[in-house]
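Q: Sequence:
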Amino acid sequence: MLRRANPESPEQEHSLQLDEERYEAILKQPQGQQRIGLTAIEFALLSTLSRQPGRIWSRDQLMDEIYNDHRVVSDRTIDSHIRKLRRKLSDGDEQSHDWIGSVYGVGYRLETP
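Going letter by letter, the sequence shown gives residues -10 to 102 in our numbering.
Treat the hints as calculated values from the structure; they're not laboratory data.
Predicted model, so just to flag it, every value in this text is computed and none were measured.
A portion of the hints provided could be inaccurate.
Pair by pair, the computed Cβ-Cβ distance ranges are [as the list claims (entries may be wrong)]: (1) P19 <-> D64: 18 to 28 angstroms; (2) N57 <-> Q20: 17 to 27 angstroms; (3) G21 <-> N57: 14 to 24 angstroms; (4) Q22 <-> H59: 17 to 27 angstroms; (5) S47 <-> Q20: 14 to 24 angstroms; (6) R65 <-> Q20: 16 to 26 angstroms; (7) Y56 <-> Q20: 32 to 42 angstroms; (8) R60 <-> Q20: 33 to 43 angstroms; (9) E9 <-> K73: 12 to 22 angstroms; (10) P19 <-> G43: 34 to 44 angstroms; (11) S63 <-> P19: 13 to 23 angstroms; (12) R44 <-> D8: 35 to 45 angstroms; (13) S63 <-> Q20: 12 to 22 angstroms.
A virtual CB, placed ideally from N, CA and C, is assigned to each residue, including glycine.
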């Protein structure tokens, strides 16, 4: 009787994989699989975040990980890359999972569904 009152909804499996050879993110959703081309910096950023899902990375930590040559960049550069990554990962679908979460005043983290 309880099962009928609370029918189980089908699991919506979302996963994100990185293809290092092609600099692509492979987004798996219930609707299918989608390959997303990334720039070298976007790929490095997503790769860094995906190493420890849920860990909060500050802008300074992300800049140190991404820019190995220690070039001088603004901390807002990370914000710009995050915005572009979010746009690519959602692909205009407002129902899609938001993969990159913001922690106000601290930084960013990879959100697993």
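Q: If you check each hint against the structure, which ones fail?
A: 1, 2, 3, 4, 5, 6, 10, 11, 12, 13
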